[in-house]
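Its first residue numbered 1, the sequence shown is counted upward by one per residue in the UniProt record's numbering.
Certain hints may be false.
[Stated by the list, open to error] With beta-carbon atoms standing in for the labels, derived distance ranges: (1) ASP84 with LEU311: 22 to 28 Å; (2) PHE180 with PHE221: 37 to 43 Å; (3) PHE221 with TRP404: 53 to 59 Å; (4) GLY410 with TYR216: 49 to 55 Å; (5) GLY265 with VAL210: 44 to 50 Å; (6) PRO108 with ILE19: 38 to 44 Å; (7) PHE42 with ASP84: 48 to 54 Å; (8) GLN16 with LYS214: 22 to 28 Å; (9) PHE403 with PHE363: 19 to 25 Å; (10) ILE173 with VAL210: 17 to 23 Å.
For the record, the hints were derived by calculation from the structure and aren't laboratory data. Note that the structure is predicted; figures quoted are calculated from it, not measured. Beta carbons: idealized from backbone N, C-alpha and C, even for Gly.
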Amino acid sequence: MIKDMTEGKPIKLIFQFFIPLILGNLFQQLYNMVDSAIVGKFVGVNALAGVGATGSLNFLILGFAMGICGGFGIMFGQKFGARDYRAMRRYIANSYYLVAIISSILTPLTVIFCRQFLIWMDTPTEIIEDAYNYIVVIFAGISVTMLYNTVSAVLRAIGDSKTPLYALVGSSIINIILDFVLVVGFRMGTLGAGIATVTAQAVSGIVCLVYMYKKYELLRFRKGEGRLGGTMAVHLLGLGIPMALQFSITAIGTIIIQAAVNGLGAAAVAAMTTGSKISTVFSGALEMLGMAMATYCSQNMGARKYDRIKLGVRAGIVLAAAACAVLITMIILLGRPITLLFLDKSQTEIIENTLVFIQWNAFCYPLLGLLFILRNALQGMGYSAISMLAGVSELIGRCLVAFWCIGPLGYVGGCLANPAAWILADIILVFSYFYAKKKVLSMAAGESRNE
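Given only the sequences and the hints, what does the whole structure look like? Please build it.
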């Protein structure tokens with residue numbers, strides 16, 4: 001269903017758009033949770049640690065790919081808000097060409113060098129084979145990831161957050177079935193878990209692609225709209241590359257932390273792996289709220305309703321504060337039971353360290369909520385380069401923790417990495433938002449005078 005976010009109460013529009021996004025995110029996180037739970041229970045703790053040891057590398061490469069697709073979506077949303085549907089379709093067509101080119105470059109490079117990346121990260125020898133078997137399949141499916149994220153960006157740009165949800169529900173079921181068949185039945189270990197994840201995401205992307213062209217007439221290409229245009233491709237890359245670099249720069253910081261934690265042994269890696277999985281599920285609510293902000297701001301930027309952007313950011317901060325209160329309460333009450341879904345009761349040290357990680361992260365969620373609201377608002381307004389600056393500040397925060405905290409504090413020092421990164425990113429984003437808001441409001445005043 002198409003949703004026009006340029007009219008109506010901002011807080012209601014953002015909340016309604018957010019609900020399907022968070023449900024979809026929960027199902028997407030279910031992919032990862034099922035992989036980890038089945039691998040941990042049926043293959044072993046080393047296999048679980050192996051999958052977890054790929055997390056930062058996974059984020060580095062796939063984050064770059066997904067960041068590009070997210071940047072493309074900003075342009076789609078702005079053209080939708082401006083009611084320039086022909087230009088929107090032309091940008092969508094150009095994004096498909098760019099996705100094909102980028103994925104054809106990334107896939108062979110990452111598949112060839114992923115083992116060396118794991119070695120450079122000082123991955124423990126007892127888990128490196130499990131890590132490689134998982135990540136090589138994920139990287140082989142980069143084109144699938146980019147397809148799904150581009151199609152989702154198109155749907156979000158026109159206000160449809162429900163279709164990706166329905167597709168993810170179906171693909172989550174497929175993922176669970178394949179995990180049991182490949183990992184438990186055929187004993188394929190982490191390789192089977194990777195195949196299950198890529199296959200499920202492929203189904204989700206194809207279903208969304210077919211459905212949106214059958215459902216939405218305004219997305220069907222007219223004659224001449226499917227050609228590659230150099231200027232449009234440059235515009236898309238101008239939005240996509242900074243967002244991609246922001247993801248990758250952030251990922252480099254997590255890789256540095258991962259390498260430092262790897263030196264503490266497989267038990268520490270397993271604890272941080274499990275903690276990261278759990279924390280990602282909960283923090284996904286804040287990430288999806290930020291995604292709703294990006295759509296809201298891009299549509300209103302395209303419609304030149306600049307005053308509504310300010311109102312939307314205020315509404316987003318209120319919603320983020322409410323979400324943080326709920327999330328922190330849930331982690332306090334449910335942290336241990338959820339941890340036991342991944343780990344055996346006998347693994348006492350790993351369980352306690354996992355709880356330390358998720359609690360440190362949870363109490364700092366207000367920082368993360370502000371980060372997602374401001375960063376996505378700025379991206380929706382077209383200031384995607386600021387994402388890169390915020391990513392650099394996150395990198396600095398994680399490097400400081402890796403070099404100064406993990407040595408003297410051990411595992412607890414690693415738990416400080418995310419909070420430190422969020423604090424520094426927020427400082428950049430707060431100042432950047434007030435600068436952008438002032439500039440946008442001056443644009444609105446200038447247009448009023450011209451009228």
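Given the hint of 44 to 50 Å, check if GLY265 and VAL210 actually sit that far apart at their C-beta atoms.
47 Å, holds
CB-CB spacing for TYR216 and GLY410 relative to the 49 to 55 Å hint
Holds, since GLY410 and TYR216 (Cβ atoms, about 53 Å apart) stay within the stated range.
Just tell me: holds or violated, for the beta carbon distance of ASP84 and LEU311 against 22 to 28 Å?
24 Å, holds
Status of the given 53 to 59 Å range, CB of TRP404 versus CB of PHE221
54 Å, holds
Go ahead and decide if the range 19 to 25 Å is satisfied by the Cβ distance of PHE403 to PHE363.
The hint (19 to 25 Å, Cβ to Cβ) holds, given that PHE403 and PHE363 are roughly 24 Å apart.
Using the Cβ atoms, figure out if PRO108 sits within 38 to 44 Å of ILE19.
The hint (38 to 44 Å, Cβ to Cβ) holds, given that PRO108 and ILE19 are roughly 39 Å apart.
Just tell me: holds or violated, for the beta carbon distance of PHE180 and PHE221 against 37 to 43 Å?
41 Å, holds
PHE42 versus ASP84 beta-carbon gap, inside 48 to 54 Å or not
With Cβ atoms ~52 Å apart, the hint holds.
CB-CB spacing for LYS214 and GLN16 relative to the 22 to 28 Å hint
24 Å, holds
Could you say whether the range 17 to 23 Å given as a hint is met by the Cβ separation of ILE173 and VAL210?
18 Å, holds
In summary, the structure agrees with every hint in the numbered list given earlier.
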